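Chemist: The whole structure should be built from the sequences, with the hints applied where relevant.
Those protein sequences? They're chains A and B, same order as listed.
What the first sequence shows, in my numbering, is residues 1 to 59, in sequence order.
What the second sequence shows, in my numbering, is residues 1 to 501, in sequence order.
The hints are simulated quantities; they were obtained by calculation from the structure and are not laboratory data.
Computed from a predicted structure; not experimentally measured.
Take these hints with a grain of salt, some might be off.
Claimed, not checked - What follows is a list of derived Cβ distance ranges for each label pair:
#, chain 1, residue 1, chain 2, residue 2, range
1, A, Ser26, B, Leu15, 47 to 55 Å
2, B, Lys362, A, Ser26, 43 to 51 Å
3, B, Val190, A, Leu43, 18 to 26 Å
4, B, Gly358, A, Gly23, 42 to 50 Å
5, A, Trp8, B, Ala155, 22 to 30 Å
6, B, Leu458, A, Gly23, 25 to 33 Å
Claimed, not checked - Straight line, CA to CA, 25 Å or less: simulated BS3-like cross-link-like pairs of lysine-lysine:
#, chain 1, residue 1, chain 2, residue 2
7, B, Lys102, B, Lys442
8, B, Lys102, B, Lys479
9, B, Lys356, B, Lys369
10, A, Lys54, B, Lys266
11, A, Lys54, B, Lys101
12, B, Lys356, B, Lys119
13, B, Lys101, B, Lys117
14, A, Lys54, A, Lys5
15, B, Lys479, A, Lys54
16, B, Lys101, B, Lys362
17, B, Lys117, A, Lys54
18, B, Lys266, B, Lys479
19, B, Lys479, A, Lys5
20, A, Lys5, B, Lys266
21, B, Lys117, B, Lys442
22, B, Lys119, B, Lys479
23, B, Lys356, B, Lys117
24, B, Lys119, B, Lys369
Idealized CB from N, CA, C, for every residue including glycine.
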Amino acid sequence: MKTSKWIWFVWLLTVLCYVVPYGFLSDVQAWYGSFLFWSLTGLLIIGANIFMTKDFEEY
Amino acid sequence: MSESLIWWSVGIYVLVALTIAVLSRQGKSGSMSSYFLGDRQMNGFVSALSYSATTYSAFMMVGLAGLTYKGGVGALGFEIIYFAGVSLVAIFGPKFWAVGKKFGFVTPSEMLGHRYKSKPVAVAVSVASCLFLIPYAAVQLSGVGYLMQGMTGGAIPFTTGLMVATTLAILFSYVAGIRSVMWTDSLQAVLMIVVSTLVALLAISELGGFSGLFHILETEHPQSLSVPGSGLFSFVTFLGLTIPWFFFALTNPQVSQRLFIPSSLKAMRQMLIGFLVFGFVYTLVSILWGFTALAAFPDLSNADMATPTLLASDMIPPVLSALVMIGIMAAAVSTIDSIMLTLASMLSRDVYANVKPGTSEKRQLTIGKIVLPIIAILAYGFAQLELDLIAVLSVAASSGLAVMVPAIIGAFYWRRGTAAGVLVSVIGAGLFVVYAYINGGKVLEIPAGIWGVPLSTLLFVGVSLLTEAPTAVADEFLKEANNHRKTAQPAVSDNPTVKNA
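Modeler: Below is the structure:
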């Protein structure tokens, strides 16, 4: 089933939302630091949800 | 901005919204599922806008902008983790929807009561929801109060703003129940996203565009662009804020009840994706408001005044700020009326009808309509206390509701879960969270938000293993939940009380 595959991608993104800004970007005080990272992650989450729910269209 | 401009704007908004509310009435709303769920026939577009308006509220434009002003970019991370949590709708949404249709559930607490074969479960979950959501509604009211006071320089006092918002919430939910709530929500959502995006773009261009804004931030407030930054978003605090919000879509009944409403799974998909797109734009706009206020007015004493100060400044034309102010007020109202409606349905169906078995649908509806304004007045009283930082208070409500996570997930994934497990976990962990907030929000230096979910999971699993599970009901429930792709059948008639109890 498509849903279960994509949801793991979302959980991975969730973990990265903690690890990357606190672990790797805490010294990057510019727009291309945590601001860009979290914004792009938001877009990826939307994409994952679109794929995850693709077969809802049929019901 | 002049007082008369604000009152004229409020007047026009009320007139348009009330017209829409009245037009949304269709046929008779004489049954519980008709009044509270729109007969489970709402389309995806309206559902998406309404879900957005219900979720996002004064908290975003006032609280989140304030949080950004005070703590920097960590506020964005906080929202994006919430955003990831909304993906739970893709997993649980079809399951809620299928069992709702099959068993005729009107409220999420009714669903849990049925699944765990226990009236006390339905009662406890409903009462706990009220305990945490009435303060949450109050937070939204405070947002309106701060906003109107801030934008008029005190000419419209905090209390007047509260009264206007409370009255509107009662009116919008009374006219046609969920239908009027969802249609007025839709109007409010569209107004909000269009006008607030315009304001963000205008304010940023005043500061020299995105590069100008970020240049000011990078040179004058560099800490605002990283975490932990100025210190507000220490890692532990961030965890405490984000864990409860991650589960918001499941634990907050005013949004989880919406999973019963779409007419089809296709409509549910439209609701989810529509909400995510809306939420993404709205989140960025709110964060940028906070950043713009920080760049332009770095010396505010109260972070919650960041948005009102920005809107009242010369950067924004008065007519546009009046429109946004109406939009924010509308967003607060749309959250409050949804909360009121959901809590009223829970109190009448899960508390009253369980305490007085055999209560008819009609009687339940009457009780629900009586409870509605009482909830509003309670929220009004709480808001008058003028509590300090809106966002943090709002999260306290989420921490409290997060103790229901194991009971909800267990309902769909663990047939060994028992009513005793739910009761001990919800009441035990709920009391613990309340205790933690009374004592400054931390226990053993760990925020209450971190404690709630693991503690309630431990209690739920431990007590469930020691007690006997209602396996027959569980099997039937799980079969329906997992067969959602085949459940495109009409709903059964709505039964008034917990079944098989």
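Chemist: Next, verify each hint and record whether it holds.
Modeler: Going through the hints against the structure:
1. Checked against the hint of 47 to 55 Å, the C-beta distance between Ser26/A and Leu15/B comes to roughly 51 Å, which is consistent with it.
2. Take Lys362/B and Ser26/A: their Cβ atoms lie about 60 Å apart, and the range 43 to 51 Å is violated.
3. Separation of Val190/B from Leu43/A is about 22 Å and conforms to the stated range, judged on CB atoms against 18 to 26 Å.
4. The given range of 42 to 50 Å is broken by Gly358/B and Gly23/A, whose C-beta atoms sit roughly 59 Å from each other.
5. Range check, Trp8/A to Ala155/B: Cβ separation about 54 Å, and the 22 to 30 Å hint is violated.
6. Leu458/B and Gly23/A have their C-beta atoms about 28 Å apart, which keeps the hinted 25 to 33 Å range intact.
7. Note on Lys102/B and Lys442/B: the hinted pairing is violated, with a Cα-Cα distance of about 42 Å set against a maximum of 25 Å.
8. A C-alpha spacing of about 11 Å is found between Lys102/B and Lys479/B, which places the hinted pair at or below 25 Å, so the restraint holds.
9. With a C-alpha separation of about 17 Å, the suggested pair Lys356/B and Lys369/B falls inside the 25 Å cut-off, and the hint holds.
10. At most 25 Å may separate the alpha-carbon atoms for a hinted pair to count; Lys54/A and Lys266/B meet this at roughly 9 Å.
11. For the hint linking Lys54/A to Lys101/B, the alpha-carbon distance of about 22 Å falls within 25 Å, and the restraint holds.
12. For the hint linking Lys356/B to Lys119/B, the alpha-carbon distance of about 11 Å falls within 25 Å, and the restraint holds.
13. Using a Cα cut-off of 25 Å, the hinted pair Lys101/B and Lys117/B holds, with the two alpha carbons roughly 18 Å apart.
14. Among the hinted pairs, Lys54/A with Lys5/A is consistent with the structure: their alpha-carbon atoms are about 13 Å apart, no more than 25 Å.
15. Between Lys479/B and Lys54/A the alpha-carbon distance is near 22 Å, which keeps this suggested pair within the 25 Å criterion.
16. Taken as a hint, the Lys101/B and Lys362/B pair is honoured in the structure, with Cα atoms around 20 Å apart against an allowance of 25 Å.
17. The straight-line distance between the Cα atoms of Lys117/B and Lys54/A is roughly 34 Å, outside the 25 Å bound, and the hint therefore fails.
18. Between Lys266/B and Lys479/B, the direct Cα distance comes to roughly 21 Å. Compliance with the 25 Å bound is thereby established for this hinted pair.
19. For the hint linking Lys479/B to Lys5/A, the alpha-carbon distance of about 22 Å falls within 25 Å, and the restraint holds.
20. A distance of roughly 20 Å separates the Cα atoms of Lys5/A and Lys266/B; the hinted pair therefore holds under the 25 Å criterion.
21. Taken as a hint, the Lys117/B and Lys442/B pair is broken in the structure, with Cα atoms around 35 Å apart against an allowance of 25 Å.
22. With a C-alpha separation of about 22 Å, the suggested pairing of Lys119/B with Lys479/B holds against the 25 Å cut-off.
23. Distance check on the hinted pair: Lys356/B and Lys117/B sit about 17 Å apart at the alpha-carbon level, within 25 Å; holds.
24. Annotation: proposed proximity of Lys119/B to Lys369/B holds, straight-line Cα distance about 22 Å (limit 25 Å).
Taken one by one, the earlier hints fail for this structure at numbers 2, 4, 5, 7, 17, 21, listed in ascending order.
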